[in-house]
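*Asks:* Work out the full structure: start from the sequences and follow the hints.
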Amino acid sequence: SLMEKYQADYTIKRHFSDVLASQDKYLLFLRKIINKQAWLVAKWQLLGFIHGVMNTDNMTISGETIDYGPCAFMDSFKLSRVFSSIDTAGRYSYANQPNIAQWNLARLADSLIPLIHDDESLAIKLATKEVAEFSKIYNDFWLSGMRKKLGMFSQDKDDKNLIIELFSLMEKYQADYTNTFRQLTIDKLDGQSMFDTTEFESWYKKWKKKLNKQKESKEEITKLMKDNNPSIIPRNHRVEESLAAAEEGDLSVMNNLLYALKKPYAYTKEQEEYTKLPTNYSSPYRTFCGT
15 SLMEKYQADY
25 TIKRHFSDVL
35 ASQDKYLLFL
45 RKIINKQAWL
55 VAKWQLLGFI
65 HGVMNTDNMT
75 ISGETIDYGP
85 CAFMDSFKLS
95 RVFSSIDTAG
105 RYSYANQPNI
115 AQWNLARLAD
125 SLIPLIHDDE
135 SLAIKLATKE
145 VAEFSKIYND
155 FWLSGMRKKL
165 GMFSQDKDDK
175 NLIIELFSLM
185 EKYQADYTNT
195 FRQLTIDKLD
205 GQSMFDTTEF
215 ESWYKKWKKK
225 LNKQKESKEE
235 ITKLMKDNNP
245 SIIPRNHRVE
255 ESLAAAEEGD
265 LSVMNNLLYA
275 LKKPYAYTKE
285 QEEYTKLPTN
295 YSSPYRTFCG
305 T
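Under this note's numbering, the first residue of the sequence shown is numbered 15, with each subsequent residue one higher.
Quick caveat, the hints were computed from the structure, so don't treat them as lab data.
Warning: the hint list may mix true and false statements.
Dumping the calculated DSS-like pairs for lysine-lysine here, alpha-carbon to alpha-carbon at most 27 Å [as the list claims (entries may be wrong)]:
#: 1; residue 1: K240; residue 2: K202
#: 2; residue 1: K276; residue 2: K139
#: 3; residue 1: K232; residue 2: K162
#: 4; residue 1: K143; residue 2: K174
Restraint ranges, calculated between C-beta atoms of paired labels, are given here [to be verified]:
#: 5; residue 1: S76; residue 2: L136; range: 24 to 32 Å
#: 6; residue 1: F181; residue 2: T79; range: 20 to 28 Å
#: 7; residue 1: Q21; residue 2: S149; range: 21 to 29 Å
This one's a predicted model, so the numbers in the text were calculated from it and none came from an experiment.
Note that the Cβ used here is the ideal one computed from N, Cα and C, for glycine as well.
*Replies:* The following block contains the structure:
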């Protein structure tokens, strides 16, 4: 329809003006959005961010995170982790976020079919091909990001296996997602049962062997890891603590937390307090649309 064309043209002009003059601008428009979403969701996965309510209307063409009412950050690692109280089937679980993003992009592609080509069957074919590329683009972003989190400058074919092996150990021993990467970054392995296992020791040796083969110095490797592994996240029990204090009229707890979170990659002494895990926190943590 004319309205769809007007909306698409306005959005292209605003966000992707470099494709405005192209003959295939609507197909390129779709390609750009797919790329942005793949990058964004890879970032979520790398940080352990669980959006919680990935309906199509909660995804942006500009590739920004919006409408994340029931969101939370991963604590003890579990691929099927869900926090949202309304997501009983786990549709928006941590592991499923990339699949949902691709499904949402397919719905967007449906609406662009009339603009992509006058021949509907050709338009469907072209759009389907673009959406199918999402998995590869996402996986490339994710693997590249994971390499950085583990201080890998060089690329080896078994890097992915090393990453998957760490993930399965984290899941088996319920290791804290952020703290595991933080502790690997500063090479201070204590306070988590996973670190005391022979399986982890074996993984750690393989990982160190890989790092030692690189030409980059220990300092360069640590810097790469610090730039890609936040020292702190807004932990669920800290958020609850802030809300409870605020309800009693004390905003200092929240202000201190917000101040610490301003520079999540700073690795300062003051932030250490916020890296601690809850001692008496009831699991599983539940979030709501108003969270």
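*Asks:* Would you mind marking each hint as holding or not holding in the structure?
*Replies:* Hints versus structure:
no. : hint                   : in the structure
1   : K240 / K202            : holds (14 Å)
2   : K276 / K139            : violated (45 Å)
3   : K232 / K162            : holds (14 Å)
4   : K143 / K174            : holds (26 Å)
5   : S76 / L136: 24 to 32 Å : holds (28 Å)
6   : F181 / T79: 20 to 28 Å : holds (23 Å)
7   : Q21 / S149: 21 to 29 Å : holds (28 Å)
Taken one by one, the earlier hints fail for this structure only at number 2.
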